[in-house]
Structures are given as structure tokens and as C-alpha cells.
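Following the hints, put chains R and S in place on chain Z, whose structure we already have.
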Amino acid sequence: MTEEIIIAGFGGQGVLSMGKILAYSGIMQDQEVSWMPSYGPEMRGGTANVTVIVSDERISSPTLSFFDTAVILNQQSMDKFEETVKPGGVLLYDPNGISKHPTRTDITIYKIEGARLAAEMGNTKIFNMVVLGAYLKVKPIVKLENVIKGLKKSLPERYHKLIPLNEDAITMGMKNVVKI
Amino acid sequence: MAELSVQEIIKPENLVYQKTKLMTDKALSYCPGCGHGTAHRITMEVIEELGKENDTIGIAPVGCSVLAYEFMNVDMQEASHGRAPAVATAIKRLWPNKVVFSYQGDGDLAAIGTAETIHACNRGENIVMIFINNGIYGMTGGQMAPTTMIGMKTSTSPFGRDVALHGHPLKITELVAQLPGTRFVTRHSVHTPAAARKTKRAIKKAFEAQIAGVQGTAFIEIVSNCNSGWKMTPIDSNNWMAENMFPFYPIGDIKVDGKLIEK
Amino acid sequence: MGELKLMKGNEALAEAAIRAGADGYFGYPITPQSEVIEYLMAEKPWERTGMVVLQAESEVASINMLYGGGGTGKKVMTSSSSPGISLMQEGISYLAGAEIPCVVVNVVRGGPGLGDIQPSQSDYFQSVKGGGHGDYRLPTLAPSSVQEMSDFVPVAFDLAFKYRTPVLIVSDGLIGQMMEKVELFDPIPRWTDEEIVEMHPWATNGKPKGGERRIMTSLYLDPHVLEEHNYKLQRKYAEITKNEVRYELLDAEDADYLFVAYGSSSRIAQKSVKLAREKGIKVGLLRIISLWPFASEIINEFTEKGIKGFLSVEMSAGQMVEDIKLAVNGRTKVEHFGRLGGVIHSPEEVLEALEQKLIGG
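Line by line, the protein sequences give chains Z, R and S.
Going by the numbering used here, the first residue of the first sequence is number 375, and it counts up by one from there.
Going by the numbering used here, the first residue of the second sequence is number 62, and it counts up by one from there.
Going by the numbering used here, the first residue of the third sequence is number 536, and it counts up by one from there.
Looking at chain Z on its own, in the form it has when it is part of the complex (with noise of 0.2 Å):
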């Protein structure tokens, strides 16, 4: 099993801290695992992505140019990696803020509004859980326990006590993500 991933949106969705805590995951259950950043004057106007891949193998490149799933949290994003999704890949999106929608026909396109149940549940900084619960549902290429297991080791002690949450937010996008 390869899954080689982006997730793209603005800074400050914790677009990277999503990755690292998947790449964690992955971790946790043995598996070989990248994590590509943009940096520098890539990231002007205030866009992030990042490449995460998980695998059984040695991982070959840490930067791709397809991806079998594309997380894309804002309309830039969209309008660069919407066709960098392999065809029969997977598109999850959140159509909050996106006004052009995608229309590739060659993938599945799943949509979570992450942004309004993370806001419902009242915690907007718990929203890139929301999406890796959504992600997680339609690729459960790590078991939830292993994701539990990467946030406590990614996230300081002190921060522990907002794993329940963090739990909650999940399984609130594993419930929620709807297939287009």
C-alpha cells in the first residue's frame, strides 16, 4: 500500500499539522512516511500544502506531481491541484469559500464542510480534524486508535487533554463527509 497525498489551503487551517499528524499515524502502525512542506515564497499570499505519503515500501520522491488524494481547503488550491488528482483518485474538498466547484469526472469527489461543523461544534481550530476524519472515512489507510497514538506523540503534553476533542472532530468528519 502507497497513498501519496496533498493538502493544500491556507496557512493557519493547520494544513501541515493535518499532514504531520497522518504521517504519525502512519508511524505508529510501521509504515514509511514523507512530509514535504512548501516553504519560503511559495507560501506568499498565504497558501500551504504539503505531500504526505504513507507506505508499506521505502518511499521513493518526497514531491509528486499526482497525487492519489487531494485534501484542498481553499480555491487556489483547487485551481492548481484539482488536476494533479490520478485519475480514478480522490478528491476531498470543503466547498466553503470555493465559488469554482470541481468537474473532473475521472475521480471520485467527496465534499465535508469542515469549516461549519468545526465552527457548530465551537472550536474553529479543531477543522483540519473535522477534514482528517472526512479523509480517514473515504481512506482509512490508518487505524483511528494509531491517529490517537500520533496526536499524543506530535502534540506537547500539555496540549493532551484536546485529544477527546480532537477525537470528537473526527469522528464528526467521518460522519459527515458527503460523496458528490
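Watch out, some of these pointers could steer you wrong.
[As the list claims (entries may be wrong)] Below 25 Å or equal to it, Euclidean Cα-Cα: the simulated SDA-like pairs (lysine to any residue) are: (1) Lys526(Z) with Gly537(S); (2) Lys809(S) with Glu870(S); (3) Lys809(S) with Glu377(Z); (4) Lys527(Z) with Gly537(S).
[What the hints assert, rightly or not] Take a look, some chain R residues computed to stay more than 10 Å from chain S by CB distance: (5) Tyr91; (6) Arg102; (7) Glu110; (8) Thr117; (9) Met137; (10) Gln138; (11) Ala151; (12) Gln204; (13) Leu226; (14) Phe309; (15) Asp318.
[Stated by the list, open to error] Going by beta-carbon spacing under 7 Å, a handful of chain Z positions derived as facing chain S: (16) Ala397; (17) Ile401; (18) Gln403; (19) Trp409; (20) Met410; (21) Ser412; (22) Tyr413; (23) Ser435; (24) Pro436; (25) Ser439; (26) Thr479; (27) Ile481; (28) Tyr484.
These aren't lab readings, by the way, just hints derived from the structure by calculation.
Heads up, the beta-carbon is just placed ideally off N, CA and C, and yes, glycines get one too.
The following block gives chains R and S in isolation, referenced to the frame of chain Z:
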């Protein structure tokens, strides 16, 4: 009193002066009359008197004293041009119980190495920095130094240092005295036995503080002559120095125990 | 098994320095490697192992701090990125001349000049052809993963002290900035001062009682003496060339063609191998690990065996390709492909280059 024969004179009990064993027997490469030799000797005498022969690491510069390590009989490192304070910084931080000093000329310390000088002093590295200021680049044949006096002729200021063309002579010692990291900043000379004795006392004081672990950089400028570069006899050069350089580079303590001396 | 962590390459390198028993790190911030000193300052290794960490006033100061520290027999290291490494070249030449062990890490970015901060491999010439003045060589290791960013640090220190030479680790912004799983090696204790005095009698850490003083210098004013010194260095480089070539072969046994690549390019080329094999093209990868000494012998062997061609894949205008050509010496085709200025080539582009330049060409 009967005159002593040579054989009598060289008897150990008749010795009135002995070269420190921390100077090697190699003949100095300095021009006769140059102050470097005296500055080397008093530095090494201090190390010997403090019993630190086996615990001292010295850093030689690029310039006339590039070969200081040939003469100073302690462990020595030859730094690249201007970087002795950086070299000394690392050694002292990695071997805090050792005694570390740098020995640099004006071009090395106050031109190419200004950044290293200022930052080592500003961090308050616990090292002794010995700075020989003779207002000229001696080794490369007498070019203008950052400390060359206004009007002074050198091979790159053949009509005399002109402020509009060359800028001002740099009083780096006054400059580093302003930095909170320096503990002891003083200016001396070695052109007379009395001056050399005073300088030696200052050097000793600086090393004693380092050995005692008193934090802060000790910075000792020695205003010196360059009779070859200045194209004078040794005596004339020392007289010229006292007359022309001491008014601009006044002899005496500038900062003691971390406090600037009120003038 | 050592501790497993998800770390950036730069962080893994910093942690490895602590675990390798380094005595001192001296550095100056520059993107894309500032995480190294940031990690060290946050980690406070002076409390963990007694390691000294200092932010120097410049790369010039950092490299000269390595001269000072390394010259006393301590394990010292610095890291920087291309423009900073250029500034260090004078110091590196002095370190090579005075035979002072130390580790210098270059997390390469696009050049020339200020360039950009994206990953590049355009410092190959600078690394292995003598970036500074004089006849010297530097053992140069090129990690291609976060794991190797960690693993190569103790290897580099071993080489540095075995041969009394500065050792380069040449990484790039991609390896430095990406996170991967890394298994951290168990800490190696720092040498005690007594051990250093015992192990490195050449080091200037205080004249031995009753012994001769030691001198660290690269100055030999008599040309005949300097010539002798140079011959001694050359004998050492010959020894390193004999003993320290490092490379890895992937899918090379049945290959008609070989990609030759190092660092992040080798990761990309590995993907290209997979894409090529899916299309039925028999290509393998020769991953160069030691940029110097170079794997000329294995290239010669493949040439002798009748390989149809080598494609050097580098994020540069073609630098390592010159060493491949020297090893091949006209006997088979050697081509280069690479994007410039910090643009990372895609696995597809690499495959296309193979098809156009070697298979079709």
C-alpha cells in the same frame, strides 16, 4: 673591584636576567628595533610566572606576528586573517579551564577582523586579547592600516593619510571599551623598560582575572613602532611614536573591572 | 531499536549532533537550515551532554570557531546553506591545510548569488572540486533521507578524526525541510578531556608536561616544505579514495540504463525507475552517497559490462555528470538532466529525459 671574566659572568649565580623558557631559541623574525619581540617576551613571562605553561593556548594572527607560534613556546594556533577572536572564542568555550589569548596586529584586529573583534568583546568572551598597534601593515610592505595617523605616509597613502580619501584612523580600543562584555581595556607601549614593565603588569592582571574565572574580555592595546615601515631608525621611530601617536592613542587604562575610567 | 520519531531533516541532523557526542556547534542562521541551530538552542544540549552551542556573528566566524575547537581535538560542527558555505571557503581551506577534523553541513539552496531558498544541487563543484584555494579534497557525504541526515553525522565525525580532515555533509532544502520517520541512534558519550588528550596528541589543548608544544597552522613559507606537506595531504586523499567510496545500487542488475543521482534527486530518480519499469524500460539507479571520493570504479564496471548509457540526474546545470564522464571516458553515452535555480524536477520529467536523451537519442 676586579673586573669579571666572561667565564665568571656566565656562572649561574651571577645571572641577573634569564630569558623565559616560554620563548623558543629561534631568532625573532622581527626587524631590529621592533616592539613585537618585547611584547612576545612579556606575554610569555607572564604565562611562566603564573605557572600556566601547560594550560595555555595562544592564537597567532596574519601580519608581522604571523610566526608568533615559532617563538612562543606554548600550544599555538595560527588563525586566518582577522579571525583570532573567533578561534579563541571556541577554544575557551570548549576548554573553560584553559588559558586562552589572541595576539593580533592592527590590520588583523581592526580592519579585516573588526566583526570578530567586536563580537568576541561584546559576548564578553573570557579571553585576553593583545593588540599591537603600529599604524601600518608591516608584513606586506608598509601599506596603510586602519590605525594609520592622519597625514602619515604609507605605500597606499603615499601623500599621507587624507581623511577625505581614506577615512579616519580607528580607535578600536575606545570602541570595544564601550561594549558591556569587556572587563579590562587598557593601552600601553613597550618602547622603554618602564613602559614594558607597566604593560607586563597589565597583561598579568588580565591573565589573572581569566584564571580566576572573572567573566569578561580583557583587551590590551600596545602602541608600537614600525621603524622599517615608517622608514626611521628605531630610536627616531620611538620618539615619533611618543610625540605623534600617544596624543591620539593616549596611554593608560580605559576600562577597569568593567567600569569606564573618567577622564 | 532506537527511538522512532517524525522529524525534519534539519532537526534530525541537530539531534544527531548531540547524540554523536559533539562538543560544539557554531553556526549562523540561513534558510533553509535555520532549524538546526533553533533545535539545538531549544534542546539545550549543554544540559544534556555538556555540548557547547553558539550563534556566531557570521559564517566566517563559525568556520573559524571550528578551526579553534577542532584544533584542540574536540568534535565540532557547523551548518549553513550555499551563500554561507561560500563565505566559509577560506576557513575550510585553512582547516584542510592544518588537518583539523570537523563537520560542515551544507543544506544547499538555489544559486548563484543570493539565489533563492529552494532545494538545489548546484554546489557539487564547490563541494568536491575544492571550493577554497589550494590542492585539497573533502570527504563529502550526501544524505537522501531524514534517516541519513541523522546517521551520517557520526559517520562524518569518524571520517574527520580518522583522517584529520574537515568532512562535508551536502544535503539540500528538500531533505532539510521534509519530515520522515527516523530511528535515532543511541547516544555516544562525549569524549572526556583526558580521552582527547590521550587520543589526539597533535591537538593544541595545552602543552604536555615535559613535552613539546603543538602548533595548528597551514603556513609553510618554504616552498619545499609546503610541497612535502602537500604530498602528505595527497597520500591521505589517496587513502580516502581507496577506503571511503560509498554508493547504493537499486534495480541495477538487469538494467540497460542507469540513473546516477544523489540526495533528493536520487529519491526522485527512484520514482522514475518505478515509472520506467512500468513501461518496460530497464533502468536502474546508482545512488552516489560519497560525492568525494566518487564511485568511479562501479561506473567503470557497468561501462565494461556494456551498459547503454548513464543519465546524471542533478538539480544543477550538470556538475556531477563531469565525474561520470571521467569514469566512462567516452566508452558509452553519458547525459545530464536537471532543473535549475531551485526547481525540483518531477519523476516524469526524469523519465522523459531518459527516453529522449538516451533511448531515443
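Going through the numbered hints above, which ones does this structure break? Give me the numbers in ascending order.
Result: hints 8, 9, 10, 11, 18, 21, 26, 27 and 28 break, sorted rising.
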